[in-house]
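Produce the complete structure using the sequences and hints provided.
Keeping their order, the protein sequence lines are chains Z and A. Numbered per the numbering used here, the first sequence spans residues 11 to 422. Numbered per the numbering used here, the second sequence spans residues 11 to 422.
Keep in mind that the hints were calculated from the coordinates and are not lab data. There's no promise every hint is true.
[Stated by the list, open to error] Some chain Z residues flagged as far from chain A (calculated, every beta-carbon gap over 10 angstroms):
hint	residue
1	Pro-122
2	Gly-138
3	Ile-150
4	Ile-201
5	Met-318
6	Gly-320
[Stated by the list, open to error] Derived BS3-like pairs: lysine-lysine, alpha-carbon spacing no greater than 25 angstroms straight-line:
hint	chain 1	residue 1	chain 2	residue 2
7	Z	Lys-62	A	Lys-203
8	Z	Lys-54	Z	Lys-301
9	A	Lys-62	A	Lys-301
10	A	Lys-62	Z	Lys-62
11	A	Lys-165	A	Lys-203
12	A	Lys-273	Z	Lys-54
[As the list claims (entries may be wrong)] These stretches of chain A come out as covered by chain Z in the derived footprint (C-beta under 8 angstroms, 3 or more residues):
hint	stretch
13	66-76
14	269-279
15	388-402
All values derive from a computational prediction rather than experimental measurement. Where is the CB? At the ideal position from N, CA and C, for every residue including glycine.
2 protein chains.
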Amino acid sequence: MPEVSNRSQTVPLSPFRKLIPLADRARANGKHIYHLNIGQPDIKTPPAAVEKFRRLPWEILDYSPSNGIDSYREALRNYYARFDVDLGADEIMVTTGGSEAILFFMLACLDPGDEIIVPEPFYANYNGYAHIADVRVVPITCHIEDGFALPSADKFAGKITERTKAIVITNPNNPTGACYTRDELERMSEIVKDHDLFLCVDEVYREFSYDAPLQSILQLPGLEDHAIVIDSVSKRYSATGARVGALVCRNLSVRESVDRYAKLRLSPPGLGQRLSELMLEDDGPYLAGVKEDYGNRRDVVYRRLQGMPGVFATQPGGAFYLFARFPISDSEDFCRWLLEEFEYKGSTVMLSPGPGFYATPGLGNAECRIAYVLNVDDLESAMDCLEEALRIYPGRTEGSSVAVADLSRDLG
Amino acid sequence: MPEVSNRSQTVPLSPFRKLIPLADRARANGKHIYHLNIGQPDIKTPPAAVEKFRRLPWEILDYSPSNGIDSYREALRNYYARFDVDLGADEIMVTTGGSEAILFFMLACLDPGDEIIVPEPFYANYNGYAHIADVRVVPITCHIEDGFALPSADKFAGKITERTKAIVITNPNNPTGACYTRDELERMSEIVKDHDLFLCVDEVYREFSYDAPLQSILQLPGLEDHAIVIDSVSKRYSATGARVGALVCRNLSVRESVDRYAKLRLSPPGLGQRLSELMLEDDGPYLAGVKEDYGNRRDVVYRRLQGMPGVFATQPGGAFYLFARFPISDSEDFCRWLLEEFEYKGSTVMLSPGPGFYATPGLGNAECRIAYVLNVDDLESAMDCLEEALRIYPGRTEGSSVAVADLSRDLG
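Shown next, in the form of structure tokens:
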């Protein structure tokens, strides 16, 4: 029998993938599970756009241009202009989800063995795409105590080698919910200019910044050759299945390199692009409503965590994630136990264990990511479960009784 | 300024990409271009399915399972059962177009430096995916004189090294239109069993086999561990923009390996999958009509080529391509000349030059691929252009006066 590749055996998997069969079993046993593990929102895709999409006249679902439908890229240009980012339509390349934009960035900008510096905890799938592209992920650790702020310039400089080609950050951050300040981004800007690096910023949660408008890297002057933005409609319009993202870049060489990979896969999804173009129309009230909704959810989760002894979290400024420290020493075991052994009023809660978001071994053992993608009532019930679980979990550590602190103002 | 990767500079491009700016210029100058260069059919996506798709009730376009929507995979099971292929739904993994299935096959089954043997001429994008996966493409040359039949077992055996992991064939073939006989496939079957290789067969043109039902590799007994089929709705339903394909495999290890990559990119396009599921319903009359249509187009192109002095072609059995030899010595120059210097009744024709379909340098210089994706009237006009072009082309070689021969019966 022919054997599969060695490389396929070491593809890094999602932090919660191991838990899925346990969740399936729990559900089969009649337990209700509050899914706070995955970024699949329960919010409707913009209904008006969906209705217009149904009525769109078309007869042949043909290939779109490999960099996206022209009129959609033109609409995206206007979208970026809303926050004073002036782009040519050619500077926006439509991709098959943000995921493909990440892979294209790595293939276009890095050779095998090259390195990216990524503040940890980070979106775990960066590991997977780095694995495909044979790129080394060099983590730089952020800390829960200061709300996962970006480390100092010195700390970044200490990680730069002759193989370093880029710094990759997620803003607003998944999994921490941190939104970076203009100061933090300017610091990044100086580093990449000093060391001739790319600065790839994943801004797929851009619209979900609750306390201040998000600072996009595209707004910073002087970064034209360095900045690469990953974007996506998935979370913005609650349309994760559309598989429509974008890579935005003013550097022509980068675009020409990305274009070779884009042409290879022929075109991004046509139906998703047409829907995306419609979703951009008059989306102000929708986006405002969704942002308010997520803001309320954030407040519920943060408030409830404050009431749980031994839990530490800072108030996240954006995205729909919160990364909390619990009075536990093995978050993988805690998440397993929640699904296999715990039940409260017929329900339990599924979280993502912390270690999967770190590249440094040994970190995140007391931490979990909470995706607040459920409505406020369900979130309250999920928090009831979590509170009770932490009370009776056999692995509870008594020492960690640091109080929850709101440090978000310090980051402003 | 940070520099792009070296690897991105060597991504193999499509055989006709260099011609696109020339075509754009010709069009801007008012010349009409018959596009016989690309596999974008002018046939309607099944109208009944499109209508049902418009009426599908949905509110949230969420992630589908990473291996595809369950009901769609179940529908695909029934599709394969039509030609007596009995599969479990888990043996069908939905991908983002056939393209992604090719990449997943390479990543899951081959390590960097491993080799695939591919009969040439072949679908040029295999080169691009092999480039990403760092896989070596080892060509084995087929010949126009015998209708591009598969080479003998000895010839394949002569190409096998310790790094060979798979043979990759396209059936019906792009760019030659060849449909392989049961004998040819059984020969392949013996080779891969003897040498413990995978046999990856790209069957995206399966429904377009004009002279006999296509022999799918899935129908051959004893290949359960070896056979991997690439599939796609793109050409079958004239829905290239759906970006919905599949990787079909009975080997559990392969599926588990593919699954890791599938999970990484979260899910294939949701709207495309829903449309694809509807396109499978009652598709008999549609597919029969399309097949008849393409069959007529094939007949037009083949008949017209027979009337052109110095042109050699065999009648293709399937797909919608024909690979012909012309009385020219530089098909790149001929295709360039067609766009830049030639015009007949205000029109010209765009073809794909032969060399891009070969991995062996120096082959294909007298050959071009013709994609008969236009309606019969347009094809007649396109053939008028081609006939006139060949008459006056300054680079015409006088020596090559082999007549067109119908060898398809010999391959039966």
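Okay, the hints, checked on the actual structure:
no. : hint                     : in the structure
1   : Pro-122                  : violated (7 angstroms)
2   : Gly-138                  : violated (4 angstroms)
3   : Ile-150                  : holds (19 angstroms)
4   : Ile-201                  : holds (12 angstroms)
5   : Met-318                  : holds (30 angstroms)
6   : Gly-320                  : holds (33 angstroms)
7   : Lys-62(Z) to Lys-203(A)  : violated (53 angstroms)
8   : Lys-54(Z) to Lys-301(Z)  : holds (13 angstroms)
9   : Lys-62(A) to Lys-301(A)  : holds (23 angstroms)
10  : Lys-62(A) to Lys-62(Z)   : holds (15 angstroms)
11  : Lys-165(A) to Lys-203(A) : holds (16 angstroms)
12  : Lys-273(A) to Lys-54(Z)  : holds (24 angstroms)
13  : 66-76                    : holds (count 7)
14  : 269-279                  : holds (count 9)
15  : 388-402                  : violated (count 0)
The structure is inconsistent with the numbered hints 1, 2, 7 and 15, although it conforms to all the rest.
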